[in-house]
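Line order of the protein sequences matches chains A and B. Going by my numbering, the first sequence wraps up at 109, each residue one higher than the last. Going by my numbering, the second sequence wraps up at 1138, each residue one higher than the last.
None of these hints come from the bench; they were simulated from the model. Treat the hints loosely; a few may be bogus.
[What the hints assert, rightly or not] Computed list of lysine-lysine pairs in DSSO-like fashion (alpha-carbon distance at most 30 Å, straight line): (1) B:K1130 x A:K30; (2) A:K13 x A:K105; (3) A:K59 x A:K105; (4) A:K24 x B:K1130; (5) A:K37 x B:K1130; (6) A:K24 x A:K105; (7) A:K39 x B:K1130.
[To be verified] Interface residues of chain B toward chain A, partial, derived using beta-carbon atoms under 10 Å: (8) P1062; (9) A1072; (10) P1083; (11) F1088; (12) S1100; (13) L1105; (14) G1107.
Where a beta carbon is used, it is the ideal one built from N, C-alpha and C, also for glycine.
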Amino acid sequence: MASGVKPRIKAPKKATAGEAVTLKTLISHKMESGQRKNKDGSVIPRSIINRFTCEFNGKSVVDVTMESAISTNPYFEFEAVVPETGELVFTWYDDDGSVYTASKKVAVA
Amino acid sequence: MEFSRRDTLALGLGAAALTVLPFRLNAAADDAIAAFTGGADVADGGVTLTAPEIAENGNTVPVSVEAEGATAIMLLASGNPTPGVATFNFGELAGAHAASTRIRLAGTQDVVAIAKMADGSFAKASSTVKVTIGGCGG
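If we strip away everything but chain B, and leave its shape as in the complex, we get (with noise of 0.2 Å):
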């Protein structure tokens, strides 16, 4: 098979991409994000995340996640190997917008947690998690 110009420049082009691509860490949790939002504007604020500072164990970090007004949040771990977390959607007798729960984190990473406003804005929130021993297996 000979190689056309074309054929090495597209060669080239995808060899490019492909050494790029592992460098875009959190491509996967964007795409989560972007999947909630739906490319809507992301505004800081408004979501209060509470998660331990370290972490021994990655295999249960307590964390919290509260946002007044809020309809849903989405909870990712942007160092996990599947980013996403959790989403919680609070219903007509919710009490206070908020839920704690334990999550699994792979290693030291930002926890993300993106909030649905009730008219239709989105917030969000993160804190970095030193995890001492990751919590996906081995």
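Isolated chain A, as found in the complex (with noise of 0.2 Å):
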């Protein structure tokens, strides 16, 4: 596992039902392309999050497959239809085969 990814989200803590909410997540992690070289001329190897996903009680809502030119700590922004209360699930899947989750409740009144 990489060091230091912390995932962060903003999502609204209330909605109105079918309402479409704005979701903004930001995941701590250096990003090393595999195109950069250190300093003794060789290739660092490639290091990133290859997909983010988010899912609202279990149904998808996005799906990204992301390369290496996503910048350092990957930020994405959309929106999400809330159709009812329940939890929004974020993960992150690391090229070393480490997945990072987040999840957050969204209440519809």
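Bring the two chains, given one by one in their own frames, into a single complex with the hints.
See the structure below:
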């Protein structure tokens, strides 16, 4: 596991049924592109998060396949429809096999 | 080793092909597009790609894409060593078919967004971004 990986999410706590809410996610990760070279001139191997998914109560909101051109600390902003009270689950898949998850509860009034 | 007329011709053709190849700058990007669309026609319009005109730092260039009714949107940076950037697959609970992220650009180039619509058609948009400092390390 890459060190210091910390997901951060901004999501509303309350919503009205069927409302499209804006979600912002950021995860700290160096996203080594595999293009850079170290002092010896050898290539630093690629180490990125290659997939990000967001689900609400098990239903997919967005599934992002990422390549090395995504910046350090990958940031995503998108919208989700919230039909009922439930939980948003965010999952990041690292090249090294690590999986980082975070979740947020959204209450529908 | 002796070269027959056939060998010489083959060598010449190979050399010619090699010199032509570097001029296909966007070959990798074209291949990526073909892999995504399966060779289908890509129409212009229907996709909104928002990217800065000038990016001072190629390491984090904010871009956002929006395509009404899209099931997936692929982002490409045609001038990067590896042109693929990201593919957004929208699920059933996606609000607007839009997403924003931050990408790396190696230099001044076109950023291309290709959207796969629900009816199976494809649409694209592209935007030229001038990059002051490239973001791929040296």
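Here is what the structure says about each hint:
1. Note on K1130 of chain B and K30 of chain A: the hinted pairing holds, with a Cα-Cα distance of about 24 Å set against a maximum of 30 Å.
2. Simply put, K13 of chain A and K105 of chain A have alpha-carbon atoms about 7 Å apart, close enough for the 30 Å limit, and the pair holds.
3. With a CA separation close to 14 Å, the supplied pair K59 of chain A and K105 of chain A stays within the 30 Å bound.
4. With a C-alpha separation of about 27 Å, the suggested pair K24 of chain A and K1130 of chain B falls inside the 30 Å cut-off, and the hint holds.
5. With a CA separation close to 24 Å, the supplied pair K37 of chain A and K1130 of chain B stays within the 30 Å bound.
6. With a C-alpha separation of about 14 Å, the suggested pairing of K24 of chain A with K105 of chain A holds against the 30 Å cut-off.
7. At most 30 Å may separate the alpha-carbon atoms for a hinted pair to count; K39 of chain A and K1130 of chain B meet this at roughly 29 Å.
8. Interface hint status for P1062 of chain B: upheld, as the beta-carbon distance to the closest one in chain A is roughly 8 Å, under 10 Å.
9. Because the beta carbon of A1072 of chain B sits about 9 Å from the nearest beta carbon in chain A, less than 10 Å, this interface hint is met.
10. A hinted interface residue such as P1083 of chain B counts as satisfied when its beta carbon comes closer than 10 Å to some beta carbon of chain A; here the least separation is about 8 Å, so the hint holds.
11. Taking 10 Å as the C-beta cut-off, the interface hint given for F1088 of chain B holds, the closest approach to chain A being about 5 Å.
12. Among the interface hints, the one on S1100 of chain B holds; its C-beta lies about 4 Å from the nearest C-beta in chain A, closer than the 10 Å criterion.
13. Interface hint status for L1105 of chain B: upheld, as the beta-carbon distance to the closest one in chain A is roughly 8 Å, under 10 Å.
14. For G1107 of chain B, the suggested interface contact is broken, since its CB lies about 12 Å from the closest CB of chain A, more than 10 Å.
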